[in-house]
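Enquirer: Below are the chains, spelled out letter by letter.
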Amino acid sequence: MRAGLLFFCTFFSLNCASRPYQTTQQAPSFDTTIKTSIYEVSDLSDAAHTFLNISFQNTGTKDFVFNYISIMSPTSPYIYVNHQEDFKVWVDSAFRRFGVNLINRLQFDTVVCITGAVLFLSMTPYSNIGMGLMFASELDALGIVPYKLRKLKTDLTLDIPHSTQTTSTVSIPPGGTAYGLILIHTPQGISNEVAYLQLSTETENKISIPFNLSAIKRVGGAL
Amino acid sequence: MKIKKYLSLLLAFIYLTGCASVHNGLQTRIDHGDKHLILSLQEVKDFSDEANVFINVTIENTGMNWMRIKETQLRSPHPEQSPYNVIAGSDLVTWKQSLDQKIAIREQNNDLADALGLIAGIALLVAGASSKNNTATGVGALAYTGALAHHTTRQIKGSIQEAEVAKQVPENHLMAEFAIPAKGFAKKWLLINIPKGRGQGLAELELETLEGEKIIFPFSLEDLKNAR
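First to last, the sequence lines map onto chains A and B.
If you count the first sequence from 1, position 217 lands on 217 in my numbering, and the numbers rise without skipping.
If you count the second sequence from 1, position 12 lands on 12 in my numbering, and the numbers rise without skipping.
Hints were generated in silico from the structure; no laboratory data involved.
Be a bit skeptical, because a hint or two may be false.
[To be verified] Derived DEER-like restraints, expressed as beta-carbon distance ranges: (1) A/D63 to B/D100: 48 to 54 Å; (2) A/L156 to B/G212: 50 to 56 Å; (3) B/N193 to A/Q188: 19 to 25 Å; (4) A/K35 to B/V93: 48 to 54 Å; (5) B/N134 to A/P146: 40 to 46 Å; (6) B/C19 to A/P146: 16 to 22 Å; (7) B/G18 to A/P210: 44 to 50 Å; (8) B/P170 to A/V145: 42 to 48 Å; (9) B/G18 to A/Y126: 23 to 29 Å; (10) A/L149 to B/N134: 42 to 48 Å.
[As the list claims (entries may be wrong)] Below, a list of computed lysine to aspartate or glutamate pairs in the DMTMM-like style, where the Cα atoms sit at most 25 Å apart: (11) A/K148 to A/D63; (12) B/K5 to A/D109; (13) B/K187 to A/D31; (14) A/K88 to B/E71; (15) B/K70 to A/D92; (16) A/K88 to A/E40.
Beta carbons are placed, not taken as given, at the ideal position from N, Cα and C, and that holds for glycine.
Construct the complete structure from the given sequences, taking the supplied hints into account.
Expert: Shown next, in the form of structure tokens:
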């Protein structure tokens, strides 16, 4: 009974795969309406960077076409890390740190599980604790960790090239959605100010989507 | 409840493998103007031999700004009596081919030993249980647990090494130009050859940033080889 309760509490406490920050905006210069969603991939973000997953859904009736994507902030020193090389370097570093944490967590689960088994088999009053330890560690290793990894894989969808310098054209048909990742370097931390996600074309058509960076930074979530 | 003993043995093996960490070996913290670094050098024994030392270099940028390294040098304070030679160019390709071959042979032999231990352990366990021979059962269980523990620790060590050690590809070589993200780290590798009898001596690792600042980390080869 208690084990079942723990199981349900654990899974209810996990974040669902959702798109928490959403805004729908008219894009008159593009003759369409765009639904934007932004959220932080918090498992990979660090103190100096915010790693954002963005998606644009074309809710209008005409194709939405753009060439450039950038983040602007009138007052804050946000730096959009726009070089593809830097992006690769950062991702490699972030994944290495993530890998180290993952290995240690799974190793910890293994140790807890075997300790639990030893206690369980001791046939002493500690047997129940042993069973609890085994259950909790297996729940973590076989339930929570794979769930988080699957969620991270979903977070890392990439349709839009990660570069402000891109000359490639992103075209979203009516009803279609394009996903992308943006890495923002914030050397002075994040302030509670409005930033703009700006999409533009080669013919200077522009749409600015306002958002609050500190509001979309999720608390916790790190593996 | 002898099974407890075997589980405890397995547990002890897993405890002994240790955790994965960002830094290993010789370590230093460097604060140079607005540059804040933690630098560590570690000899990776699995990739080294008597003559060649594989050094895993980790440079962690603890500052809030990116750092770009234009040039890296490993120097001796007395170049005329340098205790080592830095291996570069096509020699690295030859070394890598030889290393891959060595690892493949070692892994094959270890897999075979684990499989034999597991099969022999099960056979003895079953034979002992059916003939009610406690000694055979005990030896079988011990062999089985030992082989299982060896296999598990090898797998854990492999994963730890993959996370901790730089991949041996040209772009990860220490002498190539590289960047370190703010609050991130870079894993680099270097291969040096130490001719027999020259295992002692001092070396200096010098990193030159794009802005022309030089960061120097002096260390002794002996300390590097002894560091864990």
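Enquirer: Please go over all the hints and tell whether each is borne out by the structure.
Expert: Outcome of the hint check:
Distance hint check: the CB atoms of A/D63 and B/D100 are about 50 Å apart, consistent with the given range 48 to 54 Å. Distance hint check: the CB atoms of A/L156 and B/G212 are about 37 Å apart, inconsistent with the given range 50 to 56 Å. The hinted range of 19 to 25 Å is not satisfied by B/N193 and A/Q188, whose Cβ atoms lie roughly 46 Å apart. For A/K35 paired with B/V93, a C-beta distance near 52 Å keeps the hint of 48 to 54 Å intact.
A hinted range of 40 to 46 Å holds for the C-beta pair B/N134 and A/P146, which are about 41 Å apart. One distance hint, 16 to 22 Å for the beta-carbon pair B/C19 and A/P146, holds here, with the actual separation near 21 Å. The supplied range of 44 to 50 Å is met by B/G18 and A/P210, whose beta-carbon atoms lie about 48 Å from each other. Between B/P170 and A/V145 the beta carbons are some 33 Å apart, a value that contradicts the proposed interval 42 to 48 Å.
Between B/G18 and A/Y126 the beta carbons are some 27 Å apart, a value that agrees with the proposed interval 23 to 29 Å. Distance hint check: the CB atoms of A/L149 and B/N134 are about 45 Å apart, consistent with the given range 42 to 48 Å. Restraint check for A/K148 and A/D63: the C-alpha separation of about 34 Å exceeds 25 Å, so the hint is violated. Simply put, B/K5 and A/D109 have alpha-carbon atoms about 20 Å apart, close enough for the 25 Å limit, and the pair holds.
For the proposed pair B/K187 and A/D31, the alpha carbon gap of about 48 Å is over 25 Å, so the pair is violated. Taken as a hint, the A/K88 and B/E71 pair is honoured in the structure, with Cα atoms around 20 Å apart against an allowance of 25 Å. For the suggested pair B/K70 and A/D92, the alpha carbons sit about 19 Å apart, so the restraint of at most 25 Å is met. The suggested pairing of A/K88 with A/E40 holds, with an alpha-carbon distance near 18 Å, which does not exceed 25 Å.
When each numbered hint is compared with the structure, violations occur for hints 2, 3, 8, 11 and 13.
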